[in-house]
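J.: So the protein lines, in turn, are chains G and Z. All residue numbers for the first sequence refer to this note's numbering, where the first residue is 1 and numbers rise by one. All residue numbers for the second sequence refer to this note's numbering, where the first residue is 1 and numbers rise by one.
Simulated from the structure, these hints should not be mistaken for laboratory data. Hints may be right or wrong, so weigh each one.
On the chain Z side, residues computed to face chain G include the following (Cβ under 7 angstroms) [to be verified]:
#1 Ile6
#2 Ser42
#3 Pro53
#4 His135
#5 Val183
#6 Arg185
#7 Glu193
#8 Pro237
Glycine included, each C-beta is placed from N, C-alpha and C at the ideal position.
There are 2 protein chains.
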Amino acid sequence: MADRLIFLTNDDGVGARGLERMIQMMRPFGHLVVVAPETTQSGMAHAITMSNPLFLREVRSEPGLEVYACSGTPVDCVKMALDYLLPGRKLDMICSGINHGSNAAINVLYSGTMGAAIEGSFYDVPSIGFSLCDHSLDADFEAAGEIVQRIAGAILEHKPALPLCLNVNIPVGRPEDLAGIKVCRQCRGYWKEEFFIRKNPAGRDYFWLTGDFQNHEPDATDTDEWALAHGFVSVVPIQIDLTNHAQVTSLGKFLNR
Amino acid sequence: MADRLIFLTNDDGVGARGLERMIQMMRPFGHLVVVAPETTQSGMAHAITMSNPLFLREVRSEPGLEVYACSGTPVDCVKMALDYLLPGRKLDMICSGINHGSNAAINVLYSGTMGAAIEGSFYDVPSIGFSLCDHSLDADFEAAGEIVQRIAGAILEHKPALPLCLNVNIPVGRPEDLAGIKVCRQCRGYWKEEFFIRKNPAGRDYFWLTGDFQNHEPDATDTDEWALAHGFVSVVPIQIDLTNHAQVTSLGKFLNR
């Protein structure tokens with residue numbers, strides 16, 4: 001078991017409490033290599049750094065655990081780890097998180113946590129993004145940590161077919177409050193944005209993005225939003241073919257030439 | 001026709017030649033509002049700015065055309081335009097590009113051009129990302145501009161059902177070299193990365209991301225990569241349900257509890 005090699009990252013940065021909790025709960029599974037962003041990368045999605053060079057810094061090294069900080073995005077961290085630090089090494093699992101805040105529904109598209117997990121799955125390694133539905137700095141990661149261990153353990157044991165990428169979201173609460181685990185689908189819905197507008201010392205307007213998630217299928221019972229609202233951990237298996245296959249046919253009728 | 005309202009953005013920045021060419025070719029369709037990033041945002045995917053405020057600057061205003069620069073990402077530009085500058089206004093189309101470089105196959109996930117187009121489609125407006133398969137600064141945008149006009153015109157005329165988001169890639173060449181237009185699907189494949197490593201003046205290593213796209217289905221004839229390799233403009237209709245529906249069932253067998 002201890003000869004397993006597991007890669008961890010996140011988008012809240014190398015000092016985040018959610019990452020520390022994930023490291024703690026993943027240590028029994030094998031040797032951990034962590035490359036996490038130097039700074040917070042929330043909302044960085046699948047971004048990569050193209051216009052600037054990247055820097056890598058060793059943060060911590062002890063038996064069973066190596067931690068590095070990378071100046072780039074979560075996806076950069078994955079590429080640095082798998083193509084530079086560990087090239088050709090066989091990895092057993094990649095985990096990203098534990099994120100501060102939900103990445104359910106459409107949030108999967110904006111999420112740096114899930115950007116890293118999706119990128120990890122490109123390397124033929126089971127990849128899991130974990131998020132706790134609590135943005136607060138003093139969020140309680142106890143239950144989330146137990147879920148990390150339970151789901152990572154189940155995947156390592158059952159070895160489902162690859163590619164495998166999971167978007168796991170954990171509702172707020174103590175471990176005994178969780179209703180269970182539900183594998184489900186991504187809920188439809190979008191963010192309705194509002195901008196906070198303020199003036200800087202020079203009198204120029206600046207804008208803070210804020211908004212509310214609008215659930216477009218509040219009555220569906222097979223979605224991640226439903227599971228979370230009912231106290232379940234949601235697990236959405238992720239694929240990355242963005243093709244709308246039905247539209248290939250319908251649009252071809254007037255666009256093909 | 002001129003009372004149409006059309007929003008344009010890109011990821012190469014407000015001064016990019018591809019944007020200028022798109023503005024030129026879209027002007028006959030209606031009033032254009034442009035919000036483009038102040039700086040290059042290549043590879044920014046679906047990233048949004050959460051940790052910093054945003055700034056907006058008017059660049060140009062004349063009959064039929066308003067141009068603004070935004071300090072954020074391409075997706076920020078869309079949100080600023082639709083939720084702040086034009087709230088409640090009915091838009092007829094959103095176009096992003098013309099990008100310098102291909103966004104076919106897996107590039108759709110990393111692309112700021114496509115991040116903006118996908119975000120635009122959330123507002124119930126037909127959205128199209130245009131990319132020319134040429135990264136060079138002196139790329140020839142003549143054919144790409146004609147394709148912008150032809151495809152935008154066809155969508156405005158045929159009004160296909162929403163949501164609609166198209167990933168349009170245009171091969172290098174003169175207008176007369178194009179073989180035609182093919183609606184197709186996203187090709188499977190990933191980037192194999194390598195890092196250029198150099199030392200900065202202080203002796204510290206820095207890394208530049210570089211790599212090659214590995215086509216995992218070189219023989220398939222219905223993919224965007226095939227279309228481009230054979231001189232066709234590729235058009236992939238995009239959807240954003242990332243759920244792997246088959247895995248919902250198979251994983252549920254051992255994860256649900």
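J.: What hints, given by number in increasing order, does this structure fail?
T.: Hints 1 and 4 are the ones this structure does not satisfy, whereas the remaining hints hold.
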